[in-house]
Structures are given as structure tokens and as C-alpha cells.
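K.L.:
Whatever position you read off the sequence shown (first residue = 1), add 31 for the numbering used here.
Just so you know, these hints were derived from the structure itself, not from any lab.
For glycine and all other residues, C-beta sits at the position ideal for the given N, C-alpha and C.
Watch out, some of these pointers could steer you wrong.
Ranges of calculated distance between the beta carbons of each label pair, as one might list FRET restraints [what the hints assert, rightly or not]:
(1) N36 x A306: 42 to 52 Å
(2) T53 x A97: 18 to 28 Å
(3) E327 x L148: 14 to 24 Å
(4) A306 x T53: 52 to 62 Å
(5) E216 x L156: 40 to 50 Å
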Amino acid sequence: MARINSRQVEAFRATMLTGSVTEAAALMKVTQPAVSRLLRDLQALLKMELFERRGTGLVPTAAAMALYTEVERSFVGLERITAAAEEIRGRRTGSLRIAALPALSNGYLPRLTGHFLRERPNLNLAFFGVISPIVVDWVLNNQCDVGFAEVPIAHSGLPSMKLPAPARVAVLPTGHRLAEKEVLEPRDFEGETFISLSAGSSSRHLVDQVFHHHDVRRVLRVETALSEIMCGLVSSGLGVAICDPFTAQEFSTRGVVVRRFLPRIDFEFSAVFPAQRSPSPVALDLVEMMRKSLAEFES
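Full structure from sequences and hints, please.
P.N.:
As C-alpha cells, this is what we get:
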């Protein structure tokens, strides 16, 4: 037994929508005889009358009305598939899994991803704030679409993209004597109680190297693993510190004064991607948005 084909169904739907074979032909961009033939063939295959001619028009039968309900349901499904494909092409749907070092996760990256998601209402997000070695491990094991980790932490097997590096800044308690200066230098910290990141971290090494080079002696009384805790300790008046600009910005309204520091110490980090597959287009879009936004942190 012959089966109905998509063109016959399309001709039926077009005639139901327009109420005329002529209009249906225009909608389908074919000739009127072609539509008439498709309808005749469909009626023959179904063994039912679908239209009655009244005057110059066609009136659907009860059978046609019942059939149209099913046809329209199928077409709506196809239209949804088409719309979904357009969403995917436009990178506005799907999912994105991000892992980022705490300095970015405290406020900056959540705000950025908020803007990103508002432009993509059908995109689902999973966001994890973890230290850089864990970021790299998760990306290495294909648990995330993109990770943001501090340089020089890297893995030879992971594709990476270095991002613009904003400068680290000095953070001081409100009312501190050094807050009167717009730009601070190593010698300004002579004898100051200094809050450091944990020994062995790359950030700690870079900062200590600068003060050692300028022969500045600080009182190294407190250390912590996270810049957020460091800024919290600064705000409580326990000391001063050199910090990444992202965390410093979050604390600038919470009892911490932020000042430029020279010589410049860049806060370097990279976007890293799983090696097993090509970078997610949506992840690349987020990285590009981040690249553009980093200009606000330039000193």
C-alpha cells in the first residue's frame, strides 16, 4: 500500500490554513494544479473526502478537521525542532559548566555570567569556585567546559587561552596612614604588619620577590590561602596586603581602601579547555566577553 508523503500533508495543511487551493499554491510556491493533484492523491490514499467545494472556495469536512489537529501537532513539533536548531546555532541554549579560582568567583565572574545568561535565557549554567589546581584537574577530567586558573599553573595536555592580566593592588584598612597616597611603592610598607597568601603559592612568591628586591622589611605576621580572607583580615585592621584586583573591588565598600601599587605585579590567569574535544562555542563566547570586560581593571 502506498504511503502518504510530506508534500501531500503540506498541501493539506496549506489549504486548511488559507481556505483556497490558489492561496495554498502561493504559500507552497508551486502551481495550483500541483496542489490539486497532491490533495486528490491524499484523499485517495486516505479513502476519505477532505474538502467540499462551495462556490469558489473549499470547505473542510469533519474528517479534515479531525485530521488537521494531528497534522498541526506534528508541524508544531517540527517548528520546535527548527527553533531549537536556531537557538543552538545562535549559542543561546544548551548548558555551560564553569570552574574558576576564588578570586574570580567572589563577585566578578558571577556578575559577568549574569549578563551572559540574560542574553541567553535558555542556557543552563553550573558554576564552581575552587582553587586553581582543582580547576585544572576538573577540566583535565572533562568535568567542565571551561576553567579559569591562575598562571603559571598549567597542564601540557590542556588547550589554554591567556587573558589580559590586570594589576594587583594594595589593600589597606580604612583610616590607615598610607590611604592618603594615591600610588604606593614597596618602601611605603617598611615595618608594616603584612597579610600574605600562603607560602608556596605563586602569588606569594611574586609579591615577596618585589619587596625583597627593594630590601623592604615587613612584619609577616598573618597568612591565609584565600584572598577573600586576606581582605577580610585587612578590613578588621590586622594589617595591609597586596591583592588581586577582583577581590579588592568586592571589599572596596567593606572597610578596605584600594590603592595602585608600583612596580606593577600582574595577576595572570588563563582559560583552560578539555583536551578531549573542541572548545564549546558558548564557553568561547564567555571568554571573549571576559576579555572585553577586563579593561575596567587596568590601572
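K.L.:
Evaluate each hint against the coordinates.
P.N.:
Going through the hints against the structure:
A C-beta distance of roughly 46 Å is found between N36 and A306, which places it inside the suggested range of 42 to 52 Å. With their beta carbons about 25 Å apart, T53 and A97 fall inside the hinted range of 18 to 28 Å. Between E327 and L148 the CB atoms are about 20 Å apart, so this pair conforms to the stated range of 14 to 24 Å. Between A306 and T53 the Cβ separation comes to about 59 Å, which falls inside the hinted range of 52 to 62 Å.
The hinted window of 40 to 50 Å between E216 and L156 holds, with their beta carbons roughly 41 Å apart.
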